[in-house]
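**Q** Chain by chain, the residues:
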Amino acid sequence: MFMRNSLLILALLISPVLYAEETPELGKPASKALVEQWNNDIFPDGEGLPSGKGTATYGKKVYQQYCLSCHGVKGTGDSADELAGAKHGLTDNPPDKTIGTYWPYATTLFDFTRRSMPLNNPGSLNNSQLYAVTAYLLYLNDIIGEKEIMDAQTLAKVKMPNRDGFVNYQSK
Amino acid sequence: MTAKHDLKPIAGGGLLDRRLFLKKGLTFSAVVLSADVLAQGEHYRPDSSKIAGKPFSNYGLPSQYERETIRWTMGNSMADGNGVSWTPLQDLEGTITPNGLHFERHHNGVPEIDPQQHQLLIHGLVDKSLLFEVEDLLRYPMTSLLCFIECGGNSNAAWRSKPIQTKLGYFHGMASCSEWTGVPLRLLLDEAKLKGRAKWLVAEGADASLMNVSLPLEKALDDCIIALYQNGERIRPENGYPLRLIAPGWEGVVNVKWLRRLHITNRPVMARNETSKYTELMPSGKARQFTFVMEAKSLITHPSFGHKLDKQGFYQISGLAWSGHGKIKKVEVSADGGKTWATADLQEPVLSKCFTRFRIPWQWTGEKVILKSRAIDETGYVQPEREELVKQRGTHGYFHYNAIVSWEIDRDGSITHVYA
Chain A
1 MFMRNSLLIL ALLISPVLYA EETPELGKPA SKALVEQWNN DIFPDGEGLP SGKGTATYGK
61 KVYQQYCLSC HGVKGTGDSA DELAGAKHGL TDNPPDKTIG TYWPYATTLF DFTRRSMPLN
121 NPGSLNNSQL YAVTAYLLYL NDIIGEKEIM DAQTLAKVKM PNRDGFVNYQ SK
Chain B
1 MTAKHDLKPI AGGGLLDRRL FLKKGLTFSA VVLSADVLAQ GEHYRPDSSK IAGKPFSNYG
61 LPSQYERETI RWTMGNSMAD GNGVSWTPLQ DLEGTITPNG LHFERHHNGV PEIDPQQHQL
121 LIHGLVDKSL LFEVEDLLRY PMTSLLCFIE CGGNSNAAWR SKPIQTKLGY FHGMASCSEW
181 TGVPLRLLLD EAKLKGRAKW LVAEGADASL MNVSLPLEKA LDDCIIALYQ NGERIRPENG
241 YPLRLIAPGW EGVVNVKWLR RLHITNRPVM ARNETSKYTE LMPSGKARQF TFVMEAKSLI
301 THPSFGHKLD KQGFYQISGL AWSGHGKIKK VEVSADGGKT WATADLQEPV LSKCFTRFRI
361 PWQWTGEKVI LKSRAIDETG YVQPEREELV KQRGTHGYFH YNAIVSWEID RDGSITHVYA
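Read top to bottom, the protein sequences are chains A and B.
Here the numbering used here is used: position 63 in the first sequence is 63, and no number is missing along the way.
Here the numbering used here is used: position 96 in the second sequence is 96, and no number is missing along the way.
Since the hints were derived computationally from the structure, they do not count as laboratory data.
Here are the simulated EDC-like cross-link-like pairs (lysine to aspartate or glutamate), alpha carbons at most 20 Å apart as the crow flies:
1. LYS277(B) <-> ASP92(A)
2. LYS199(B) <-> GLU47(A)
3. LYS128(B) <-> GLU36(A)
4. LYS8(B) <-> GLU367(B)
Only chain A is shown next, with the shape it has when bound in the complex:
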């Protein structure tokens, strides 16, 4: 009995230390260049946006060639999500959630298109094509003009209509 208790106390005393410290430390230092190549995250303030630029005029061509087959003419939706052309708002029944009515940040559109679209050939568009198709989708949603240039500076400044539409539930 005594043995068992003292062993238990000993285990309690040493285990947190063991648990927090003892690892083989096998992580290899990653070079700055590797991190830059791997890190494709784009933040609302524009951090991570690459060089390149485009307008809706060119973006329309990109869209028609690479996106229309799934998202429909002018982004009104088909086998894949509706992206533009909402007929009603968020409090209607049913609500119409599009980039224009729902998305809080324009940077998310660039980021998501670059990482995931076109679904049948992800990663195939260059940065200028991406800026252009982003511009076209913003234009279709009446957020920017047809000739407005989207690039690392201007995209982060686009204020989305539903920018303040979200409540951080976690901090409640």
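Given the coordinates of chain A, work out where chain B should sit on it, guided by the hints.
**A** Here is chain B on its own, set in the frame of chain A:
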């Protein structure tokens, strides 16, 4: 012998005392007669025992008689790797989901990953950016945890104005439960040394949609693991092979599969899957964001839609309950549409953020009845009735549906999903 009073209902609709099974001597007797007439002195052998059996197999499969126990899959018409598959909860018992039946949500298919080519990068607000090989991670101290993973979009059909008539698993089966084994994330973050400003972590998978999502560092340091094993074997490709982030109790999307990168930041990245999706539009027009925790839920799995009661008499009601906030404290069952409730028996062990199996005996008198279950977790949270949930959140939130599920048993023993 069972005393007569034991079979006295303890709540409406014929619910019996949950301890009934445990009472000594309770038998439901029926005399079975052997079909074969055996000569005196001969003993009976079942057919299976008359020939030598099949040889060993390298990897076992379910019985040929269980071929209907499968995931239902639903892919996008233009891209079959985009969609979901559901765990057939109506066909399973216990709490562990077999690996081949764990639900799936893929944004662009299941990637084929050679573990020799796969690495995990940790970078951002750390002193040292680190790259981990999979074989290196296998040498780290590991921990195992049994927990459920539930998609934030599970049960979304129940927001519709009419109750959907389909098997339980095909609208609530984006929830599964496994034993996950891997390296506590805290150990890897300690190795990289977090900077003081670090608050969030952006996790990214190596699939064709490079799926990424943000989660608070607090959670990562609390109970997240980098899982390598699922129910004892290396994780299946469709569940994240070779590495999966496990965030116990939190919506499926943050349990990033095929994990390749953890970016430590001071703010969320506002990815598509935490803005456009996995946010819940409320009647006010505002949306709830970062609703990570899957709140308490329970479902009666047996009987449920698609099953049929073929005669009156004794049945066992069985179901699952879980809560992302901790342990299930209690599950109550009603057989009269919610007028009266009886406490169900909880199968031990009852674990935090894990499926808990509940059971209660029931005597069906052949009347039309409505069965319901409601879970109460250790925080005291009570699973809401649908009406209450809809009152709070409207019907356009899509995600995080966790209201009470009702099954109506008709006189002919058929079962319908109802809102009651």
